[in-house]
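*Asks:* Next come the chains, spelled out residue by residue.
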Amino acid sequence: MKKVLSLAALAVLAVLQTAIYWNAHLLYQADDKTVDPAEKERILERAARIDPWNDLVYLELGRASFEVGAESLGEPRARDAAFDKSVRNLLKSIELNPGSAEAHFELAQSLQYLSYLSLPVPASYFEEYKKAAALTGHNSQVHAEVGKVLLSRWESLRPEEREFTLDILRKTLAGKDPERLQEVLEVWYLHVRDYAVVDRILPEDAEMARAYARFLGEKSLSLEAREKALSRAEFLDFISAKNELDKAQRGYEYYQSDEAASRVSSCLRFLRSIVFFQNLVREALIDPQEYAQVRKKAYLLLTEGRIEQTRSLADPDSSLEIYLALEDQPLAVAEFEKFLSERGFLGSDETSSSRPKDLQILALELSLDFKQNKYRDITKAGEALERSTFVIPDAARPYYARILGLVGDSYMKLDYLYEAEKAYLEALSASNGRLEDLMRIERCYERLNSEQKLAEVRREIDALLTPPAADLGRRYVEKARPARFDFVCDGQPLILTLTFEVSRPESRPLLTILWNDRVVHEAYAGGGSLSFSVSPVPGRNSLVLETVNEPLTLLKLERKRSAA
Amino acid sequence: MCRGVKRTISWGLAFFLALSSSTLFPLVQTLGKGHLVGFVFAADGSTPVAGAVVVAKNVSTGALFQSTKTDGLGVFKVENLEAGIYALGVTSGQGNYNSQDLVGIKPDETAKITIALNTFERDAIEGAQAVAKEERERGESRVGRVVSYTQASKEALVLVERGLIQLGDRVRVKGKNVDFSQDVKLLKVQGVRVKMCLTGQQAFLPVLRPCATGDDVYVVCKRGVPPLFLAPLGLAAIVAGGASLVTLEEEEQVSPTKPSKIKS
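Quick mapping for you: the protein sequence lines, in order, are chains R and Z.
Using our numbering, the first residue of the first sequence is number 446, and each one after it goes up by one.
Using our numbering, the first residue of the second sequence is number 49, and each one after it goes up by one.
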């Protein structure tokens, strides 16, 4: 009897195993081998008859029926039957496995379609979406889709539902996918438009903050929210720049020059992306002095690294020149001078590679001396140069002009004004009337109280400045394609007025104005013109105009001196 | 008593007549109907398109509805729509745009959508018109054939012989051994992802089933709904709102004992 029972039990087990195997096989057949949803349905129905306890079969069956319904939207009878079948199968799947996020999600979609078609719904699609999101582990697609559905019903959500929505959207955007952010923002624009909501879901990422700011600008929404987002993005970029600089420094310490150089370049890229939007919203996220320090250090590292690697003073990316322009600490300059001397670029050492000394190196040496207030050494070098019988080749004339300018500046510091005038005039002749040299002469004549000469040099300067009204030749500026202009100024504060044309009368293009790589103004400009103040440096200045939301045609740029 | 009843009925009738001729009556009539509002933007998704009209077609009844003309901000409104699922199109000053997406309307609710008008390149317009015409007439349009199939990548190299194939299209591959339909989610021409493939071009298209050289490729009506306009100038993409059908694509271990069967 026992034996018979054992055999019967074994037989039942075998039948069960076969049923389970056959069920799984049919599920695989339907899922991976079959494309036609109607055929899929038939196979899965067979699988369900064999093993009615596999929730995945009902899930797939629900999906297939939904697909059949969605493909026959124009045939009400077939469509409604298919959607009804889909819902029944999905409910069965959930009954067998209540923890399936997918089943809840698919059910929610089916129920949503039923509700559009005014068919009876056994459950609320909204609740099913919520369950799907709550049950989802790492599936950000479910979070994203449910998040959008919930966001589209923001007004009717209870406080706890709003918190839930914000939570899943935060998880969705944590992946920092700009496309997903765009989708969420489009829904937010249609249904919410509460900036606090985005503030709570946006990840701490510069690119995402910029994408949000771009969206706000393109849709002509709050300027303050946009500028705050940009200010935040710049702050995050500044942190990244500092991190890259630290890594670069360690790289140089461990003689990993290529890696370090790439880190410095990356640091400079981050720094270049900072145009100080914080000034427009009166925030102080980035300390300008710290920014200047980081920038200076980055250029110093880049310069020293390249000199170490190439054993040359060639300055293809002008990093040496920029560093010297930025450096204002005599001690730091002395350190750099020592660095150059130790490598044989400076000094009168017979073994040095700087021999024979050329004008480029002399200009560099004198620049370093000037930064260290060694004015008498510079004037002595100027005197020696005057006594010498050098023939200046054309290629070296810019260095010669720079040397003479430094000699003149040193005489000015020492109050030898006539000697300074002489050096400046020679520098002017060597540079063929460079604006910077004319302005040096102007300063010299001011101190000499030489009215007539002053008037003369001012006329020459005026001739070199950008005219008070510049015709911009109807230049067409596309969205997010900045237009750049050089603007030659004498350093006096100015008010610039830009006149432009738009394609539609009601247009209010959002214009961002950068002056010497700093944002100085941003506004929705109606009426075809926009005025803004700038503080130029003497000489060449850069003006960048960018339209954020719609294209425009530039007509004219006028300048007048600011009363301030 | 009898006179009282008569008086009540007379007053009731008078009130009903007054109500039916008053401005309140349309409100009574619109109960149970839904509305559609939204924005129409240019392809950049931000420049408003003024003067455009959104056309909505109920996929069940075939009833057509037109919106008001969009204003300077691109805002449109379609009122008193029967609840249901709608196919959309947009008519602007430049031409007509078909939408591949659907919108669901519920009774007493206002659906909101944002539409971006993507105009075809000049050489794509003719192809799109040919496909739209055949889709309306026959439900499908033969656009090309399979040149080869790569088993490893599950991609078919398709030569477009007429018309065009674009992302979002529903295509049918029909041959001796296969006959299946699928949505076009990826198109690659010479290794580069493209939005559409025009006549004479060959594109790699990931396919759901192995197919063979010479199998015919058709563009079929998406969701069984033919395009609204026969001569479209481009696509009206619904960038927010609408009744999108989402296919879950990411692998996820839902239960520790049962492997997930999410489509990849």
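Misleading hints may appear alongside valid ones.
Claimed, not checked - BS3-like cross-link-like pairs, simulated, lysine-lysine; straight-line CA separation at most 25 Å:
1) R/Lys-742 x R/Lys-783
2) R/Lys-621 x Z/Lys-154
3) R/Lys-692 x R/Lys-616
4) R/Lys-530 x Z/Lys-154
Please keep in mind that the hints were generated in silico from the structure rather than gathered at the bench.
*Asks:* With reference to the structure, classify each hint as holding or not holding.
*Replies:* Evaluated hints:
no., hint, verdict
1, R/Lys-742 x R/Lys-783, "17 Å, holds"
2, R/Lys-621 x Z/Lys-154, "34 Å, violated"
3, R/Lys-692 x R/Lys-616, "30 Å, violated"
4, R/Lys-530 x Z/Lys-154, "22 Å, holds"
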